[in-house]
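Q: So you can see what is in the structure, the chains are spelled out below.
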Amino acid sequence: MMTIIQWILLGAALFSVGLYGVLTRRNAVLVLASVEIMLAAVNINLVAFDTYLSDPAYTGQIFALFVIALAAAEVGVGIAIILMIFRNRHSVDVDELDLMRY
Amino acid sequence: MTIGDWLTESANWAFLFLAIPTFVASVMVVSSRNVVRAVLYLVIALGGSAALFLMLGAEFVGWTVVLVYIGAVIILFLIGIMITRAPLTKSVDLSHPISAKAPAALLSVLLFGVVAWAVVESFGLETIPLPEEATRTGEIGLSIFTSWVIPFEVVSFVLLAALIGGIVLARKDEPAEVP
Amino acid sequence: MDGFWLAALKVLIAFALLFNIVLVLVWVERRLVARMQNRIGPNRAGPAGMLQTLADGLKLMFKESIDPRRAQLGIYLAAPVLALIPALLIFLIIPIGAPITIGDTTYDLQVTDLNIAVLYFLAMSSIAVYAIVLAGWSSGSKYPLLGSVRAAAQMISYEAALGLALVPVILYNRTTSLAEIVAAQGGTFFGIFPAWNIVLIPSFIVFLIAGFAETNRAPFDLVEAEQELVGGYHTEYSGFRFALFFLAEYINLFNISALTVVFFLGGWHGPVFGPTFLQYLLPIFWFLLKTAAVIFVFIWARASLPRMRYDQLMEFGWKRLIPLSLVWIMVVMVAVGLRRFGLPWS
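Protein chains in written order, with the numbering used here: chain F, 1 to 102; chain B, 1 to 179; chain A, 1 to 346.
It is possible that part of the hints are untrue.
[As the list claims (entries may be wrong)] In silico EDC-like pairs for lysine to aspartate or glutamate, Cα to Cα no more than 20 Å straight-line:
no., chain 1, residue 1, chain 2, residue 2
1, B, 101, F, 74
2, B, 101, F, 93
3, B, 172, A, 221
4, B, 101, F, 55
5, B, 172, A, 315
6, A, 142, A, 221
7, A, 59, A, 221
8, A, 63, A, 221
9, A, 319, A, 249
10, A, 142, A, 56
[Claimed, not checked] A short, non-exhaustive set of chain B residues, derived as facing chain A with CB atoms under 10 Å:
no., residue
11, 6
12, 23
13, 40
14, 43
15, 67
16, 75
17, 76
[Stated by the list, open to error] Simulated restraints on C-beta separations:
no., chain 1, residue 1, chain 2, residue 2, range
18, A, 320, B, 117, 52 to 58 Å
19, A, 320, B, 10, 31 to 37 Å
20, B, 171, A, 190, 46 to 52 Å
21, F, 56, B, 9, 47 to 53 Å
Simulated from the structure, these hints should not be mistaken for laboratory data.
Glycine is no exception: its CB is placed at the ideal position from the N, C-alpha and C atoms.
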């Protein structure tokens, strides 16, 4: 039999990897990519719990769909911002974006 | 239940077959030195997660992941990379130096440890029933438009806002017209 | 294991069929375009030049494949295969004939009938963008890169229109399985007109136009506009690798035509008569005939329409096709709702 913890552990592992990526990547596009991994981890948890609970309303799957929709919106705006930054500063390094520091 | 018992189940082999590439690919996303390859590893990671959804019977979610994430989001990433003129070869400055990596790695491992401990404590070895057949798409639609209709509307507004925001951000400012 | 072998046999037959169709298709296109341009076209190899494609294919196989010095070799080699895979995978869900009953078992004339075949089709056609983007990027050359950035933007934009054009079909037939969509088109209106989904005319038009853009064919072939971009994303490809791109392109043309028939032109439905074997063969014949008619429209457009300008293409997609499909979805939604639930005040 499949256990529920194997799915949650996979989700937790992916989430940790994504967190590591967000913290260490300097290229803005790759930071966004790491966020996508974290969201995918959340989706795995949602769908696994949905199956675990045998929910007649499929709440977990529907929330996974909402997460996907929001991730698409987030990436659309995120890439637009990155392009804007690149146009103004010719760099997508998140460390160099310190204009607002002072 | 021992590891040996766990491994006798064929579904668990399928799980490992999908989960290990997903995990390895996601590690490569955060560690690859070539920015395009990093994004291509993201394709494998998300494709693996889509296959895992199919395994759980969530057909609609699985194919939506392929359609939206792999088909559109990652293409957007690739366009973003191409327009920001990423070099074809390896580049050194994609990640922070090792002094910043170590605490991040520690934090990630700590997070995983805490979650793993909490999960094992509370769920133990409870089993997950594998669905006999895939979820009917019609039932998901029914549920969205009955129980979850207001969140659905909110999501549609968020998407509209993102659409407008993307256009406003990406368009070139035209000089104000002089009357 | 019986089901497995049956599926394997079906896949084998489907692929064999597909490659033969492509051989004929390329010849038909070259002859037809030649005729429309007042030329003769290939007429040497075989009867009326029918073996020309085979000869060209053999020639391409024996040509040297050149590796550009600045190419990212791994991805560069994977891209042509990536172009072929989604094209082949889409073909697996197309029902090409009525189910055949031999003895007690019924065999569907499609490799697999997915519950959500429409979503599967859209997902696969969105994966097809990868081949073009990666081919352009990994060639390490300027023109392929420009071609692939254009392609990615074009295909993502028209995919939205393509998906929106299929929503009315799903609403109208109340299913997302291709076999059931075809089955739902079986009856007649008023006893004379076949009850095809062609009644959803705006959807049909949007789907066909978006289909042109998805297959990167004229008048939307900016991806490989020779005058501006040399050869577009496959400029740096030669020999067998180029042949794979070529093959994928024509399989995609067949797929989109076949899916137009499945979604809007009644699939394999048509007058069926005669003895049993005719009752099984005629649906396949009708299906192929309708597909050939749609393919003819594609070739016709290629021979007669000039290529669009890039900004016009984007504007047409976003400002005409997508709003049109959104309004049409609303109209169909109201109509279907009225038919099902009656007037709100009654």
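Q: Per the hint of 47 to 53 Å, is the separation of the Cβ atoms of residue 56 of chain F and residue 9 of chain B within bounds?
A: violated (26 Å)
Q: Quickly compare the C-alpha distance for residue 319 of chain A and residue 249 of chain A to 20 Å and report which way the hint goes.
A: Given pair residue 319 of chain A, residue 249 of chain A is violated - Cα atoms ~27 Å apart, limit 20 Å.
Q: Can you confirm whether the C-alpha distance between residue 101 of chain B and residue 55 of chain F stays at or below 20 Å?
A: This hinted pair is violated, its Cα atoms lying about 41 Å apart.
Q: Does the nearest C-beta of chain A fall within a distance shorter than 10 Å of the C-beta of residue 23 of chain B?
A: Status violated, d = 22 Å.
Q: Hey, residue 101 of chain B versus residue 74 of chain F, does the alpha-carbon distance stay inside 20 Å?
A: violated (26 Å)
Q: Note whether the CB distance of residue 320 of chain A and residue 10 of chain B lies within 31 to 37 Å or breaks it.
A: violated (52 Å)
Q: Is the hinted pair residue 142 of chain A and residue 221 of chain A satisfied, with a Cα-Cα distance of at most 20 Å?
A: Given that 20 Å is the threshold and the Cα spacing comes to 18 Å, the pair holds.
Q: With 10 Å as the cut and Cβ atoms as the points, is residue 40 of chain B at the interface with chain A?
A: holds (7 Å)
Q: Take the C-alpha atoms of residue 142 of chain A and residue 56 of chain A, compute the straight-line distance between them, and say whether it is at most 20 Å.
A: Violated: residue 142 of chain A and residue 56 of chain A sit about 28 Å apart, past 20 Å.
Q: Under the criterion that the straight-line Cα-Cα distance not exceed 20 Å, is the pair residue 172 of chain B, residue 221 of chain A satisfied?
A: Violated, at roughly 27 Å.
Q: Can we keep the residue 43 of chain B interface hint, with Cβ of chain A closer than 10 Å?
A: At about 8 Å, which falls below the 10 Å cut-off, the nearest Cβ of chain A leaves the hint on residue 43 of chain B intact, so it holds.
Q: For the pair supplied as a hint, residue 63 of chain A and residue 221 of chain A, confirm whether the alpha-carbon distance does not exceed 20 Å.
A: violated (26 Å)
The structure shown violates the earlier hints numbered 1, 3, 4, 7, 8, 9, 10, 11, 12, 19 and 21.
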